[in-house]
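> Listed below are the residues making up each chain.
Number of protein chains: 2
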Amino acid sequence: MPISKGTQAFPRAEYLRRLVAVKAEMARRDVDVLVVTSTPNISYLTGNRTRITALHAVVVSIHKEEPAFIVRRIDVPGGFHQTFLERDNVIGYPEKLIGNPDKNGFDAVIDYIHELGHANRGVGLEFGYLTAQASEKFKARLPKARIVDCTKAVDWIRMVKSDLEITVMREVAAISDAGMMRAAEVIRPGVREADAAAEIVGTLLRGAKGKPGTDMPAILMCSSPRTGTPHVQWSEDVFRDGSQINLEFGGRRHGYAVGIMRTFTIGAPSDRLRRLHEAEVAGLEAALDTVRPGRTCSDVANAFYRKLTSMGFEKDTRCGYPIGIDWTEPTASLNDGDMTELKPNMTFHLMLGNWIDEDFGYVISETFRVTDAGVEVLTSVPRKIFEL
Amino acid sequence: MPISKGTQAFPRAEYLRRLVAVKAEMARRDVDVLVVTSTPNISYLTGNRTRITALHAVVVSIHKEEPAFIVRRIDVPGGFHQTFLERDNVIGYPEKLIGNPDKNGFDAVIDYIHELGHANRGVGLEFGYLTAQASEKFKARLPKARIVDCTKAVDWIRMVKSDLEITVMREVAAISDAGMMRAAEVIRPGVREADAAAEIVGTLLRGAKGKPGTDMPAILMCSSPRTGTPHVQWSEDVFRDGSQINLEFGGRRHGYAVGIMRTFTIGAPSDRLRRLHEAEVAGLEAALDTVRPGRTCSDVANAFYRKLTSMGFEKDTRCGYPIGIDWTEPTASLNDGDMTELKPNMTFHLMLGNWIDEDFGYVISETFRVTDAGVEVLTSVPRKIFEL
Chain Y
1 MPISKGTQAF PRAEYLRRLV AVKAEMARRD VDVLVVTSTP NISYLTGNRT
51 RITALHAVVV SIHKEEPAFI VRRIDVPGGF HQTFLERDNV IGYPEKLIGN
101 PDKNGFDAVI DYIHELGHAN RGVGLEFGYL TAQASEKFKA RLPKARIVDC
151 TKAVDWIRMV KSDLEITVMR EVAAISDAGM MRAAEVIRPG VREADAAAEI
201 VGTLLRGAKG KPGTDMPAIL MCSSPRTGTP HVQWSEDVFR DGSQINLEFG
251 GRRHGYAVGI MRTFTIGAPS DRLRRLHEAE VAGLEAALDT VRPGRTCSDV
301 ANAFYRKLTS MGFEKDTRCG YPIGIDWTEP TASLNDGDMT ELKPNMTFHL
351 MLGNWIDEDF GYVISETFRV TDAGVEVLTS VPRKIFEL
Chain C
389 MPISKGTQAF PRAEYLRRLV AVKAEMARRD VDVLVVTSTP NISYLTGNRT
439 RITALHAVVV SIHKEEPAFI VRRIDVPGGF HQTFLERDNV IGYPEKLIGN
489 PDKNGFDAVI DYIHELGHAN RGVGLEFGYL TAQASEKFKA RLPKARIVDC
539 TKAVDWIRMV KSDLEITVMR EVAAISDAGM MRAAEVIRPG VREADAAAEI
589 VGTLLRGAKG KPGTDMPAIL MCSSPRTGTP HVQWSEDVFR DGSQINLEFG
639 GRRHGYAVGI MRTFTIGAPS DRLRRLHEAE VAGLEAALDT VRPGRTCSDV
689 ANAFYRKLTS MGFEKDTRCG YPIGIDWTEP TASLNDGDMT ELKPNMTFHL
739 MLGNWIDEDF GYVISETFRV TDAGVEVLTS VPRKIFEL
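Quick note, the sequences are listed as chains Y and C, same order. Under my numbering, the first residue of the first sequence carries the number 1, and numbering increases by one thereafter. Under my numbering, the first residue of the second sequence carries the number 389, and numbering increases by one thereafter.
Bound conformation, chain Y alone:
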């Protein structure tokens, strides 16, 4: 019996809206066909969250309403079940292309472009997400095409969310909040970091307000002596009296992530940490007060940097990035000099982690949405050092 459609996170109209925007950009760049290979961009255009391990791509034709989703044969049922696509538009390629030194899944994608009759037209590729070997294959097997680098074309479109996406991100924010409050319950002297991580991820999957997490999140748990570094996971240590713990994670639903960071101490924080916290919260509030349509990413970052500097600290990294499917979107930065203009329904992780010395760092963040007139902060954990 053929597999049925699964419950869809978004109605068909939402995906068609996204595709209209992509096709307008394709027309502007004079490409008839766009080959999308970035995992979050594929999810954005189809709803796919199947963890496909073999090569696969979405092919958008400017002449067809739906794109084609070209996957290994065994991933066709999952691809049809999870996405909004009609059955004929989830196309399986044969198993003989797996582990084959001469031909692979991208040969099936190129064959499809030839079948479409677009092999002598403008063909857009995401060179920034393709390996050198894959790029050479596309160029060699599409010798008459005008190949156009369309890296980040879809990423820039997905930077502005629909109201439906914002609804999902509010659900995810509630999950992120629940995870952080759970951390405050389970981090105690003598507890293994791994056991605390187990409790936090459990909360992120069980979810909040009746909405479970639907993807596995990452957890960064930088505890003493690792508080001066941003990207380590939990260790095999136990928490100790006097430990500091810098946490970063976020819930996930339908691929969307909402980030949250907070700093924990077992016992009282040092005076230096408390002063940094006060400066960071003041900077965070100054940054949020700056958010509104027409302001730039640079304006928001500089509001933070000015306040922080006035209170005696510096931060030499950016203040955040757009967030959505699979966490970081590789477009704008909340950074001095980034003149990207804020628009309603852009969403950012205002990420104010500050790693000053090898043994002195602090983290705080919020995820916010640009509204018609200002800002909506999606996360709602108290802006404090959690003293345990």
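Hint data in this document are derived by calculation from the structure and do not stem from the laboratory. Please note that the accuracy of each hint is not assured.
Claimed, not checked - Derived list of chain Y stretches under chain C, where covered just means 3 residues or more per stretch with a C-beta under 8 Å from a C-beta of chain C:
| id | region |
| --- | --- |
| 1 | 14-25 |
| 2 | 41-54 |
| 3 | 119-132 |
| 4 | 155-162 |
| 5 | 213-221 |
| 6 | 285-299 |
| 7 | 327-337 |
For every residue, glycine included, the Cβ atom is placed at its ideal position computed from N, Cα and C.
Chain Y is fixed; fit chain C onto it per the hints.
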């Protein structure tokens, strides 16, 4: 205060052993410097598991004992803490290379190759893991080098494990087993799939025999009506009477994964499913009986295929792959025609998932090690359909 070294998963001698093998391969290919950009290969050569998001690389020089680990400045403390490298060999590049359209972290890597004086020698790159844009940068900025494609050079070396790696993989196997037995306790009619996933991942992090999981695992939970597809995660559904659930996951320690798959039914399995299970287990045992040094991957796969066919079923996908750091190693396949010879301490995920119809699939797997005389199966969950 500078950060201290963290607890190391392996002694320095183990990393130097791996580097001797890599340098011998470099000499064979006549390259003086090898730029390693694949995440599992970096982990293999240094012990790094920091989740670095910005561009980074390990540069192995044939003339130096230790490689250099070149990372974004803020990742230096984590990189030093987690790896076996001396402080001077973890090199930070400045923040101005982040979000910069003209220069990025690979410019720092290329600068380092120039500083080494190797810019006019053989330089190995992993083209299969580099984007087209990155490859062009290396070629443009190393015009006098003889660039050699070294994709999978390190991957083939890490296919044969040391006894120390096998010890870690046995620890991980016990965690994988514990996760599957926990699944059998928590999957019940009316339970949400997300809640079961939370319990399983909690077990995988808490670990087994006093050894926690140290990396976040993935969980694939393909339950009715998704049993004909291999790669979906849990859904928002609840389990129901009559549901079938195909599970695939594995514990993780120090980057190493050990895979396990089992099929669950709520109520009695169908006759067809029971017959497929019997054929698959017979095939699994035939495959394991075939494993010994000198036999080929093809021999193992064909032992399975022959038995399965003799019992009335077919499987059109490969029977597995080498497994180690970050799960699948992209080298050999347990597949008809793969003449890779088995050697002691190779480890494979004998992955016998079989997705026959869109509504009919079955999974079972074991992770095994090739011994001096035969096989050691690392996982030890009963080879049954778990009837709940």
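> So, for every hint listed, does it hold in this structure?
Quick rundown of the hints versus the structure:
{"no.": "1", "hint": "14-25", "result": "violated (count 0)"}
{"no.": "2", "hint": "41-54", "result": "holds (count 5)"}
{"no.": "3", "hint": "119-132", "result": "holds (count 6)"}
{"no.": "4", "hint": "155-162", "result": "violated (count 0)"}
{"no.": "5", "hint": "213-221", "result": "holds (count 8)"}
{"no.": "6", "hint": "285-299", "result": "violated (count 0)"}
{"no.": "7", "hint": "327-337", "result": "holds (count 3)"}
Comparing the model with each earlier hint shows violations of hints 1, 4, 6; every other hint is respected.
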